[in-house]
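**Q** Throw the hints in and build the complete structure from the sequences for me.
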Amino acid sequence: MLKLHNLTRVYQTEDVETLALNNVNIEIAQGEFVAIMGPSGCGKSTLLNTIGMLDSPSSGDYIFNDENVAAYSEKQLSVIRKKSIGFIFQNFNLIDELTVAENIELALIYHNIPAAERKSKVEKVMDKVGIAHRAKHLPSQLSGGQQQRVAVARAVVGDQQMILADEPTGNLDSAHGQEVMEMLQALNDEGTTIVMVTHSPAHADYARRTINLFDGHVVTQSVRAAEKTA
Amino acid sequence: MFRNYLITFWRNIIKNGVFSVINIFGLAIGLMSCILIMLFVRQESGFDTWLKNHDQLVRMHTTYSFPNQEVFDTVRSAGSMMPAIKNYAKTEIETGVRFIQFNMTVRQNEDVFPEEFTMVDGSFFNVFDLPFIHGSKESSFNKPMDLVITEEVAYKYFGKSDVIGQTLTVCCVAGNTATLTITGVIKNLPNATHLNTDMIVYLQPALFSDNDGMLNTWTSVNVYTYFKLNPGVKITQLQQRINYWLNNESPLTERFAKDAPSGTVTEVFQLKLMAVPDLHLQAKRDAGSMGDLTPLGDRDMIITFIIVAVLVLLIACINFMNLSTAKASKRAREVAMRKVLGASRTQVAVQFLGEAIGLVFLSLLFALVAVELVLPFYNDLLGKDLALLLFDSPSLLLILMLLAICVGIGAGIYPALYLSRFLPGQILKSSKSVESKSSVKFRNILVIFQFATSIILVISTLVVYGQTIFSNNMEVGYERDNKLVLNIQSAGDNLASLKQELLNLPEVTSVTFSSEAPSQDNENNDGFMLLESHEAGIANQSLSMNKYNMGYGFFEAYKVKPLAGRFFDENFGTDTIKTAAKGEMGQASAVINSSALKKFGFSNAQEAIGKTLATNIRGKQHLTIVGVIPDIYFRSIKFGVRASVYTLNPERFRVANISFTTNNMANLINDVESVWKNNVPMQPINLQFLSEMMAAQYHDELTTAQLFLVFSLIAIVIACLGLYGLSAFTVERRTKEIGIRKVMGASVKDIVALLIWQFSKPVVLANLIAWPIAAYLMLTWLEAFPYRMDAIWLVPICLGVGLLSLVIAWSTVGGNAAKVARKNPIKALRYE
Chain A
1 MLKLHNLTRV YQTEDVETLA LNNVNIEIAQ GEFVAIMGPS GCGKSTLLNT IGMLDSPSSG
61 DYIFNDENVA AYSEKQLSVI RKKSIGFIFQ NFNLIDELTV AENIELALIY HNIPAAERKS
121 KVEKVMDKVG IAHRAKHLPS QLSGGQQQRV AVARAVVGDQ QMILADEPTG NLDSAHGQEV
181 MEMLQALNDE GTTIVMVTHS PAHADYARRT INLFDGHVVT QSVRAAEKTA
Chain B
1 MFRNYLITFW RNIIKNGVFS VINIFGLAIG LMSCILIMLF VRQESGFDTW LKNHDQLVRM
61 HTTYSFPNQE VFDTVRSAGS MMPAIKNYAK TEIETGVRFI QFNMTVRQNE DVFPEEFTMV
121 DGSFFNVFDL PFIHGSKESS FNKPMDLVIT EEVAYKYFGK SDVIGQTLTV CCVAGNTATL
181 TITGVIKNLP NATHLNTDMI VYLQPALFSD NDGMLNTWTS VNVYTYFKLN PGVKITQLQQ
241 RINYWLNNES PLTERFAKDA PSGTVTEVFQ LKLMAVPDLH LQAKRDAGSM GDLTPLGDRD
301 MIITFIIVAV LVLLIACINF MNLSTAKASK RAREVAMRKV LGASRTQVAV QFLGEAIGLV
361 FLSLLFALVA VELVLPFYND LLGKDLALLL FDSPSLLLIL MLLAICVGIG AGIYPALYLS
421 RFLPGQILKS SKSVESKSSV KFRNILVIFQ FATSIILVIS TLVVYGQTIF SNNMEVGYER
481 DNKLVLNIQS AGDNLASLKQ ELLNLPEVTS VTFSSEAPSQ DNENNDGFML LESHEAGIAN
541 QSLSMNKYNM GYGFFEAYKV KPLAGRFFDE NFGTDTIKTA AKGEMGQASA VINSSALKKF
601 GFSNAQEAIG KTLATNIRGK QHLTIVGVIP DIYFRSIKFG VRASVYTLNP ERFRVANISF
661 TTNNMANLIN DVESVWKNNV PMQPINLQFL SEMMAAQYHD ELTTAQLFLV FSLIAIVIAC
721 LGLYGLSAFT VERRTKEIGI RKVMGASVKD IVALLIWQFS KPVVLANLIA WPIAAYLMLT
781 WLEAFPYRMD AIWLVPICLG VGLLSLVIAW STVGGNAAKV ARKNPIKALR YE
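Heads up: the sequence lines are chains A and B, in that order. In terms of the working numbering, the first sequence opens at residue 1 and continues consecutively. In terms of the working numbering, the second sequence opens at residue 1 and continues consecutively.
No lab work stands behind these hints, which were simulated from the structure alone. None of the hints are false.
Derived DMTMM-like pairs (lysine to aspartate or glutamate); straight-line CA-CA distance at most 25 Å: (1) 83(A) / 159(A); (2) 3(A) / 167(A); (3) 441(B) / 14(A); (4) 736(B) / 14(A); (5) 736(B) / 96(A); (6) 330(B) / 167(A); (7) 441(B) / 15(A); (8) 330(B) / 97(A); (9) 330(B) / 96(A); (10) 327(B) / 97(A).
**A** Structure follows, in structure tokens:
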């Protein structure tokens, strides 16, 4: 599904140059569940943002669905991104002024989907993640776990091919964290590709493959020995 | 999508209550100021455009510009001009009319009402096609003394409008009471007109047969002359014809050409045409000091206030821009998420631009309410009767909608472009501030601009006020306190008994007569020829001088001290001008002022005493100069002073100058009114305090100063609101830094000083920019006054305003700073 080839990302501030990713080569197939791990500052979030087309590499190739998007403009990336990729963040990133239903609906509004169809999709996905009873609540009225469920719903409501999760359980306690992992697992079982950055080896175990990063390059890639069961 | 934008917009307003209020309030005030000025400008610019065929109507003004004489401008013309020019320029002119304005009184039962009558040629309604309510222009104005009145006058005297055939008793026509029959009633004139014609009388030329200065004159300028051009004729065409006529074929050609250096009449004498719709704003150029039918507008003032309106609105828009971009970091995540979910940069920009326009429309609503609330006070200040009448004026509504959209786009474009630029990767990855250095710099520039503009406005206001105070208090050369001015034109033969009874009043110390009181002006000029030659002097040449008539005791009552000689004195018996028969030479006295002394070329005042001036007043006269006085300022000092000759011609007395010594004004007025009623029972009294008359001369300047003050204050309030909002936001953003500083040992005072200094810098810079600009503008403005306040005053004014601006900035910022500085540092650090 996607392939990174000799990908490098350099950040330039006033006097400082930071090599966040250094000749990274990764392939991820459709339907895979991949975890990305590594110490703080190793480039995990940068890698995820590059895969998610939120950031462009300084050099190298990024082939997504047979298209090299490495040199694409923000406008071009946005077109592909909104069609194919859903995002889940550590701090949820829900819009405070919108209700649960409205936050989820936002993902469909930019796809020019008619109102009636939007309503039906939103209701379906709220049921799926078990948040329908809070449809009219604002994010400030929800717990962390509930907010993340909304974020998951938002990430999948548009039937995206791939979900990128940046430490989705980082701000959650163990029980809620597990809930979220199980939701991701279920999505993966249905065929959605999941790429997840995590610090937690226990949560990394949900993935079939773990990529370890250190100082911007891939040091190891390991495949899970046995299937994780709920 | 639109619903989503609307929900986000509305909930953001509620969530950020304080900022929303500051933004909406600031914009509303800016829009309110703009609308108020717009209403004023709209009325002032639209005078007389309601007249039918207004593009064909012109008025003719006169200018005398003879060598060695002061230029004399007036909006009036000589009575013989209109028929002559109408006859000469038949191709260009359809018809013409002359106005003569009269003050008369209307008597009804026991009451007497002063009214202004306009006596006009029979062609009046062919030039001014005013709408009739009763009668018509064909049937109502056909013979001399036909009277057409407005509806308002009809209701005043008869309680109804259908009054054709009714009569009004007036005083006086040819010195006698007359009865005029009403032949027509017209609609009330709109306020936006230069005309002052509620009572229109068909001219009876015979009334002026023994007054050569009115209708049958080529030089005395006492009538208002209008022409209606033929369709398609341009004003310049007629102007060229008139110029040609003056230079080649007029009765004045030979007489004036010899005084012109190049032999062309128009070099020394001009008849200038002005389109009637232009009169209100532009006739000031030609009006001299005598004014016009109605108080004139001022085009420069209009332009000034348009600039002020734009500046105030600009300051409000800058506020909006500043606060919106400052708040940007709080909405950065929202922008980033929207982009992650598929929004394009254009969609994000449109969303925020839409929010800006929405906010402006909300502000506009509040502004319209504010305008309605403030209008009564605004009208009082301006002496106008402006009204909003939004739904009666679709064009005004459209202009306001367009204004709101333009302001929304203008104020919202930068925040929209700035916010929509955020790349999701940068925002979502880090929790650092998304503020770029350049955006902080841009905001500072905007704050500097706001404050600089406000400071310039405040300095200008203070200078305008200062000049007004200076003008009002300037040493005018005579004592003006404790004086009443009583108009005696209608007193007839009762002057002697009137004077005696007034003198008998305990509060009254003197009563003297004169042609004018201070602040009343005249444009009476006569030629005076000095007969005796003297070294370096100008003898045997008739020089044009301004002339006044003063009675015995006038100069003494006003405590004017002579530079040489004496004042008019009854004991001498030779001062009064008497009519000289043909062939005889009258003998009388004159007093001259310093400017006249110089004009005649005398080197000192004593040299002039005993010299003789030849002139023609009630026949040929030789006037002996008996006294010389310093220049005294009868009219507003903005006109300077002219060479003047004072004579004693009782026929020309129009006012009694009453000096008094009491603090009980009510009693004084009562007593004077009783004396008047005793002596002149059938005429209403016209009595004023001299101090009020003099202050009224500066009414225009005072109004300008007051308006400037109001709008300066508004500008400052808006700028401060913006500063408050920005400071609150900046302080909030620096919470972590403040927490760290406190942990390191900084006191609350240190923190407050740090934050206040940050906001002092732009204010100091704003002052340094504003001072030279304000100084240049004000020095240029002051140049128009022949007598002006000392320019050195600008230094303390600028410094004072600078200090005030700093104090305002500190007070605005200080509160927020202290609040955050007192917070527990741990709470601040945990914030991150």
